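Participant: Chain residues, written in single-letter form:
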Amino acid sequence: MTATLHVAPQVGEKDDVDERVVRRKLGPGRRIRFAFWVGPLLVLAVWSAGSATGLIKPAILTAPWDVVEAFRDQWAEHDLLGNILSSLTRAVLGLTFGVLAGVLLALVSGLSRIGESVFDGPIQIKRSIPTLALIPLFIAWFGIDQEMKVVTIALISLVPIYVHTHNGLRSIDGKYAELAETIGIGRTEFVRHVVLPGALPGFLLGMRFAVTSALLGLVVVEQYNATSGIGHMMTLAGQYGQTDVIVVGLVIYGVFGYLADTAVRFTGRRVLAWRRTLDD
Amino acid sequence: MTATLHVAPQVGEKDDVDERVVRRKLGPGRRIRFAFWVGPLLVLAVWSAGSATGLIKPAILTAPWDVVEAFRDQWAEHDLLGNILSSLTRAVLGLTFGVLAGVLLALVSGLSRIGESVFDGPIQIKRSIPTLALIPLFIAWFGIDQEMKVVTIALISLVPIYVHTHNGLRSIDGKYAELAETIGIGRTEFVRHVVLPGALPGFLLGMRFAVTSALLGLVVVEQYNATSGIGHMMTLAGQYGQTDVIVVGLVIYGVFGYLADTAVRFTGRRVLAWRRTLDD
Amino acid sequence: ACGNDDPAATLELSAALPEKVPSGTTIRLGDPAIQAVLGAAGLDKELSAAGVNVEWANISGGPQSIQAFRADKLDCSSVADIPSLFAAWTGTSTKIIFQSVGADPLKFPIYKLGVAPGVTVNSLADLRGKKIAYSAGQAQGALVLRVLQKAGLSQKDVQLVELTSTSDSYVTALGTKAVDVAPLGAQNIKIYEAKYPGAGSIGTGIRDDAATLYCLTTSVQDAAKAAALKVYVGVRTKALLWQNEHPDEYAKLYYVDSQGLKPADAKAVVEIYGDKAIPASWDNAIKRLQETADLLATEQKHDKLDVTTLVDRRFEPVETAAAGSHVVTGDAA
Amino acid sequence: MATNAGRLSTEPAVRVRNLHRSFSSNGGVLNGLDLDIAAGEFVALIGRSGTGKSTLLRALAGLDRDVAGHGRIAVPGSVSVVFQDSRLLPWKRVLDNVTFGLRGPEADGRGRQALAEVGLAGRERAWPYQLSGGEQQRAALARSLVREPQLLLADEPFGALDALTRIRMHALLRKLCETHRPAVLLVTHDVDEAIVLADRVIVLDAGVVRTDVRVELADRSRSDPAFTALRTLLLDELGVDEESRR
Amino acid sequence: MATNAGRLSTEPAVRVRNLHRSFSSNGGVLNGLDLDIAAGEFVALIGRSGTGKSTLLRALAGLDRDVAGHGRIAVPGSVSVVFQDSRLLPWKRVLDNVTFGLRGPEADGRGRQALAEVGLAGRERAWPYQLSGGEQQRAALARSLVREPQLLLADEPFGALDALTRIRMHALLRKLCETHRPAVLLVTHDVDEAIVLADRVIVLDAGVVRTDVRVELADRSRSDPAFTALRTLLLDELGVDEESRR
Ligand SMILES: Nc1ncnc2c1ncn2[C@@H]1O[C@H](COP(=O)(O)OP(=O)(O)OP(=O)(O)O)[C@@H](O)[C@H]1O
Ligand SMILES: Nc1ncnc2c1ncn2[C@@H]1O[C@H](COP(=O)(O)OP(=O)(O)OP(=O)(O)O)[C@@H](O)[C@H]1O
Ligand SMILES: [Mg+2]
Ligand SMILES: [Mg+2]
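Residue numbers (our numbering), protein chains in the order written: chain A, 5 to 284; chain B, 5 to 284; chain C, 48 to 380; chain D, 97 to 342; chain E, 97 to 342.
Keep in mind that the hints are not guaranteed to be accurate.
[As the list claims (entries may be wrong)] Derived coverage of chain B by chain A (criterion: at least 3 residues anywhere in the stretch with Cβ under 8 Å from a Cβ of chain A; other residues may be distant):
#, region
1, 70–79
2, 91–103
3, 116–122
4, 247–257
None of these hints come from the bench; they were simulated from the model.
Note that this is a predicted model, so its numbers are computed, not measured.
Each residue gets a CB set at the ideal place from its N, CA and C atoms; glycine is no exception.
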């Protein structure tokens with residue numbers, strides 16, 4: 005038996021060289037900086053190139069520079085800011101109610117089979133039906149004013165929140181529920197400590213859809229008795245065939261949608277710091 | 005030291021009594037049989053009751069029995085079956101292409117940061133923009149015939165597939181990627197054995213949205229140069245104020261949407277048998 | 048144009064319409080009401096005999112036809128008078144190549160004013176102070192402006208409620224008293240009044256019978272297509288007259304088979320719309336179009352428009368020739 | 097919380113009679129098992145991998161609602177489980193995992209103390225994935241120890257620990273037992289550990305308790321011949337023959 | 097696959113020089129570690145929980161791209177890892193987990209054989225969640241054994257196994273070593289196991305190799321006094337004093 009105890013640190017090679025085992029990374033790898041800008045810039049580039057070369061005719065899609073012009077005109081002459089603000093107010097109000105109701109319903113229906121059998125079916129059926137077709141009902145119940153618009157947007161954004169939270173909840177690993185059962189906590193604590201954090205990834209994905217749904221819902225609701233709003237502006241422009249104004253609206257949609265989506269994803273990365281996934 | 009070895013089975017109490025430790029179940033518990041029917045029947049019951057008591061005026065929502073009448077009339081006189089079939093053809097075609105493209109894009113953009121920076125932004129922007137507003141572009145590129153309709157539906161259903169598959173892929177636990185790396189497999193095998201099964205729950209959730217999106221997309225595309233289809237039928241009925249026919253369309257949407265959704269969820273339960281979640 | 052690469056012979060807009068249709072000429076038409084009756088009227092043979100291929104699109108009405116025009120997927124579409132104004136205002140050059148009118152336009156209006164239950168509107172003057180559904184870009188919107196003009200009211204005397212007319216949104220808005228007055232298609236009045244007890248309606252007393260076929264200017268400038276369109280205008284004239292003479296067949300072929308109405312409803316609709324007529328001259332129609340253009344230009348802040356640039360009167364004699372003795376003159380025209 | 101917790105002081109804390117459990121894919125796992133554990137008694141459970149030790153623990157914990165079988169089980173009202181996997185909630189920091197479900201203002205302090213006792217002082221705000229295997233196991237142990245249950249079910253709680261840490265955890269567990277006197281059922285693969293810690297060692301085999309030995313050693317030292325004898329006995333019961341034991 | 101695999105027959109299979117690794121939240125874990133493992137050599141790695149054993153293995157496996165630190169590492173081209181958690185893909189049945197990544201027509205047969213060898217014959221079509229803790233560990237072992245790597249990194253592969261199963265797995269591992277002669281780095285907490293299996297035992301402490309002992313026993317029997325002496329030495333190194341060892 006030969007024992008070499010308390011091995012002295014070997015001399016030489018005392019450097020900062022970093023030679024690691026290089027293994028082919030199968031995941032997506034490190035995040036690229038400024039990746040946020042690539043997508044929008046690409047869209048802009050293709051659009052500009054298409055317009056400049058005449059491949060995209062202005063009748064089909066207004067050129068970016070003309071949209072800038074129209075934007076400036078809308079801003080200065082037609083209270084574009086006011087339109088954006090009143091649309092955002094509606095969207096945010098509707099979204100808030102929709103998210104609250106969606107999470108609540110998802111909890112009730114996710115945690116009890118009876119709740120599920122009562123709420124899940126109607127929500128699935130509701131989401132199979134075009135919102136536009138439901139508007140007459142909402143008009144009858146809620147009038148044609150702000151109330152109807154907020155309710156409609158709430159019902160639109162409720163759906164993805166409900167479905168995703170419900171799905172996320174039901175996908176929580178059963179072993180955590182087991183743990184919670186042996187810990188001897190009640191329903192409320194179970195929801196707070198296990199269900200909500202466990203369903204959070206699902207909820208956040210739902211938020212990504214809810215946010216865009218709420219914005220898209222504006223186009224529908226602002227056809228009804230709106231005097232301002234992006235959807236209203238686009239409806240009018242659509243009727244008059246003012247392509248450039250429509251495209252101003254689309255750009256605003258694209259910008260807000262992309263920003264909101266990125267914000268939700270960014271939030272997701274922060275609040276899901278406890279996960280180690282392919283994304284890290 | 006006292007040793008009682010090879011303990012003989014104790015006599016008495018040799019019965020089939022089942023007295024378990026009863027612990028409050030925090031998850032949703034056992035699945036209820038026939039739960040599938042509860043939701044639709046509930047909707048039907050509320051609708052019938054509302055119509056019968058006059059709470060829901062026929063002007064707002066046609067009564068179920070009148071819808072049955074209208075359904076029969078549409079079936080016998082106006083080739084409802086043909087409308088349904090031509091709508092389904094469009095939806096299925098579009099869905100197929102959309103799903104294929106969505107999965108492909110999700111893989112490219114999920115597994116490579118470069119792919120992500122190129123594709124992800126434009127898709128997020130696309131999904132923030134109302135489809136209706138994109139139709140003029142599609143008309144310019146794909147004409148006003150079936151091609152345009154299928155492409156539009158493909159692009160509509162691509163979005164949820166892409167977002168969910170991408171999200172599902174990126175949510176795969178990093179430790180499985182590590183395992184795959186030490187196993188020394190290539191990209192293709194990694195995709196096949198780790199990424200696809202790991203992203204499957206996400207993909208299936210995406211499918212639930214893709215299916216309904218494809219159906220809802222019909223309403224939009226069938227406004228353009230269609231001579232048959234449920235969306236076409238509803239557009240026409242709207243023009244002539246045939247509320248009952250619109251409701252026939254809505255019911256068909258509800259039924260198909262619910263069936264498709266249930267089918268996807270059922271498939272999910274079968275192919276995800278390897279999971280033990282709160283749902284089990 | 049991006050659709051057809053072979054350089055088609057161009058035709059000056061002042062040149063005479065060519066007689067001969069080159070073989071293989073196809074025109075793309077959104078004209079479903081005519082399409083439905085051509086076969087029964089035996090007119091499809093006339094088209095094919097002249098060497099005209101038609102690619103039918105189930106498109107009619109303003110927004111959709113303008114979209115299809117812009118994408119160059121359609122040559123002509125049947126519409127009322129408003130779309131050609133908006134096409135011009137938004138930079139799509141079109142020409143009206145066909146005009147028809149109502150045989151008795153005031154008795155058979157296209158639109159009436161629906162009045163919400165419990166609201167009293169007996170004459171146009173009663174509109175003062177009322178909430179009126181208004182959608183700027185649609186024919187209904189133009190109608191409201193014209194009604195106000197006729198009633199001697201300005202936009203400030205009433206409360207215009209921006210509301211797009213989709214599906215039965217106007218009916219619902221009236222029924223739920225979200226608005227007091229809204230223009231409704233004449234065929235919807237009966238349904239509306241049946242649905243909502245106490246609901247009423249009044250006529251506008253305004254002619255809203257303009258009906259045109261308008262085409263992409265580039266299509267009219269295409270010598271081959273112009274020749275084919277010339278043939279089509281003749282055929283279309285006869286088809287309209289055939290519809291007048293065969294209301295039951297027309298109801299069946301178009302409203303039942305193509306539009307999905309019940310036979311009884313289809314007959315009612317045909318009756319409500321009344322007979323169509325071919326004017327002996329387009330002068331009056333153009334004059335009314337100019338008035339509408341002027342009104343919209345002021346009220347909706349559009350550019351002034353000379354509507355004579357929107358019509359191609361070379362087709363006028365083709366139409367009247369085909370109608371022969373059936374042309375109408377005087378009040379109706 | 098378990099409801100059929102009718103424990104009388106004369107009654108055993110845990111009473112299992114004729115327990116059967118089987119998985120459809122795998123036949124009978126428990127085949128009429130009987131077991132009593134007195135209040136305050138420390139029972140070590142050993143047995144071959146896959147014999148049903150965890151299945152038994154899960155039955156006692158009331159976590160096998162959906163497993164086929166029958167039998168009678170009675171357990172005390174407050175049960176705490178250390179699972180074979182450490183089962184930390186990944187979305188809770190280590191301290192929150194330890195205090196999960198604890199109420200009262202001192203919960204935080206008790207959690208910190210328990211963490212310190214298992215050698216994780218300073219790691220309170222780490223996420224579970226940031227802990228080494230042994231650290232995760234210790235955090236799970238800390239979570240059970242702060243709870244002072246009437247019955248502690250521990251499924252190989254020391255499997256991933258080195259010798260020294262293991263000895264410290266033994267001491268900790270012993271301290272808990274002396275203070276609160278819970279009934280303990282501890283699964284272990286280490287026969288020495290079983291002898292050192294337990295009042296009784298039972299061997300599970302073929303779905304029943306094959307061996308039930310009371311450990312009555314004055315001094316639980318490995319040098320004690322009685323220790324060695326018991327060790328040999330248990331290894332024999334586990335099927336380890338003298339030769340392969342060397 | 098590792099790319100800097102320039103192993104010459106005279107060179108050691110594994111060569112680690114001045115290896116540093118640290119986690120932001122936790123300071124230095126490896127602090128200038130040096131280690132050589134000859135081709136075909138079996139090295140056991142012991143050390144306190146949380147000293148960085150897994151961190152070292154992950155560095156050798158090339159899985160610590162994102163961990164701060166530096167140093168030189170050279171390993172053979174084909175490496176196989178048994179992770180501390182058994183890390184079976186939950187969506188693959190047991191057999192598919194074992195044959196995962198194997199090519200060729202005999203993959204299936206070899207997988208079945210490996211499963212039989214670890215005592216899981218008949219469980220080929222079970223889902224991972226249907227296995228007991230020890231069964232999962234054995235399935236993970238089987239997955240590594242079918243691969244015949246040049247370097248086997250095993251992180252406590254026997255931690256959840258009972259004495260008898262463990263002895264069987266030892267024999268299996270020894271057989272593999274004799275047939276294919278991979279370099280092996282085995283993490284274990286069981287000092288006896290280390291002595292029984294390894295050519296060399298190293299003790300990791302404070303981020304460096306604190307002790308490096310060559311095991312040169314004629315007969316690795318626990319009754320051999322040399323065995324006991326080595327055992328005592330290693331336990332001393334781990335900080336287990338005579339008293340607590342009893
Ligand atoms: N959900 C399940 N479905 C099917 N079989 C199962 C399931 N859970 C456990 N088993 C089987 O039941 C048997 C007993 O499992 P159990 O987990 O109780 O073993 P154990 O004694 O705890 O083993 P170990 O020491 O390896 O943890 C094993 O053969 C296992 O494969
Ligand atoms: N991702 C991480 N982030 C922060 N700290 C980490 C991370 N992974 C490991 N550590 C810390 O690094 C130290 C070494 O961890 P390692 O897993 O190498 O320990 P180990 O020797 O394998 O311990 P055990 O025997 O308990 O498995 C531990 O203190 C651990 O908490
Ligand atoms: Mg177990
Ligand atoms: Mg470790």
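Participant: Now tell me, hint by hint, if it's right for this structure.
Facilitator: How the hints compare with the structure:
Counting residues of the region 70–79 of chain B whose CB falls under 8 Å from any CB of chain A gives 0; the rule of at least 3 is not met. Coverage of a stretch by a chain is defined here by at least three residues with a beta carbon nearer than 8 Å to that chain's beta carbons; for the region 91–103 of chain B and chain A the count is 0, and the condition is violated. Check result for the region 116–122 of chain B against chain A: holds, 6 residues qualifying (beta carbon to beta carbon below 8 Å, three or more required). With 4 residues having a beta carbon nearer than 8 Å to a beta carbon of chain A, the region 247–257 of chain B meets the requirement of three or more and the stated coverage holds.
Checked against the numbered hints listed earlier, the structure breaks hints 1, 2; every other hint is satisfied.
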